[in-house]
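Participant: Given next are the chains, with one letter for each unit.
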Amino acid sequence: MILETIMIIALCLLMLAILANLYRVVKGPSSADRVQALDSIGINLIASIAVYSVLLHTHAFFDLILLIGILSFIGTVAFARFIERGVVIERKR
Amino acid sequence: MSGSGDVVGVILILIGAAISLISAIGNVRLPDVYTRSHAASKSSTLGVLCTLVGTLLYFVISDGYFSIRLILGIVFVFLTAPVAAHVICRAAYRHQVPLAEGTAQDELKDYYMENENIDNKNTDNKANLIEKEVKLQVTE
Numbered sequence: 287m288i289l290e291t292i293m294i295i296a297l298c299l300l301m302l303a304i305l306a307n308l309y310r311v312v313k314g315p316s317s318a319d320r321v322q323a324l325d326s327i328g329i330n331l332i333a334s335i336a337v338y339s340v341l342l343h344t345h346a347f348f349d350l351i352l353l354i355g356i357l358s359f360i361g362t363v364a365f366a367r368f369i370e371r372g373v374v375i376e377r378k379r
Numbered sequence: 002m003s004g005s006g007d008v009v010g011v012i013l014i015l016i017g018a019a020i021s022l023i024s025a026i027g028n029v030r031l032p033d034v035y036t037r038s039h040a041a042s043k044s045s046t047l048g049v050l051c052t053l054v055g056t057l058l059y060f061v062i063s064d065g066y067f068s069i070r071l072i073l074g075i076v077f078v079f080l081t082a083p084v085a086a087h088v089i090c091r092a093a094y095r096h097q098v099p100l101a102e103g104t105a106q107d108e109l110k111d112y113y114m115e116n117e118n119i120d121n122k123n124t125d126n127k128a129n130l131i132e133k134e135v136k137l138q139v140t141e
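Protein sequences, first through last, are from chains A and B. In terms of the numbering used here, the first sequence opens at residue 287 and continues consecutively. In terms of the numbering used here, the second sequence opens at residue 2 and continues consecutively.
Some hints here could point you the wrong way.
[Unchecked claim] Keeping only pairs whose Cα atoms sit at most 35 Å apart, straight-line, the calculated DSBU-like set for lysine-lysine is:
hint : chain 1 : residue 1 : chain 2 : residue 2
1    : A       : Lys378    : B       : Lys136
2    : A       : Lys378    : B       : Lys110
3    : A       : Lys313    : B       : Lys110
4    : B       : Lys43     : B       : Lys110
5    : B       : Lys136    : B       : Lys110
6    : A       : Lys313    : B       : Lys43
7    : B       : Lys136    : B       : Lys43
Calculated directly from the structure, the hints in this document are not laboratory data.
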């Protein structure tokens, strides 16, 4: 019982963190701010999935942690290359 | 349901969630993109690592289930989150996102002006960004 209460408190803290990052996504002056905040939202989602799997007492969601980590990293790097050079994949001429 | 050994994992999870919230507050309150990246990368990495280690310890202690996938996730997040922050910061600097008002010195400026050959094609973009930052600081 107290375990569930603590897990719900942790989920509420993570929800506040995601909302604060969402504020930065909406209001950030440059696009690098928005990409940084979206990457931070991805990391907070990983933490939320871990807390939720403890709350449900199952280990079926651990693949999802790895998957969201990889997707967040790839998306961030691709968007950073787009900001920096204008293209994501350079082709040889 | 909760034995005495689970307390370690639960406390680690709560600490990790609190550190993530602190990181998000820093991401809202700090003045420019580089300091925001400083807050967002370091402390949110620490927060998610505390949460994942707490989850791992919880399942090891309560079920005796040791998850290799969770270990892989911890190592992957630990390796890639600072790299992503570095790449974003470099992209922002090369795209001439302005620094905060109170910045004392900019040591990268001479280096990039000499070696990277950034010409003035982005100056109107930079002017727009400076205007936006000034408006934002006035409204706040």
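Participant: Could you check the structure against the hints above and give me the numbers of any it violates, in ascending order?
Facilitator: Result: hint 1 breaks, nothing else.
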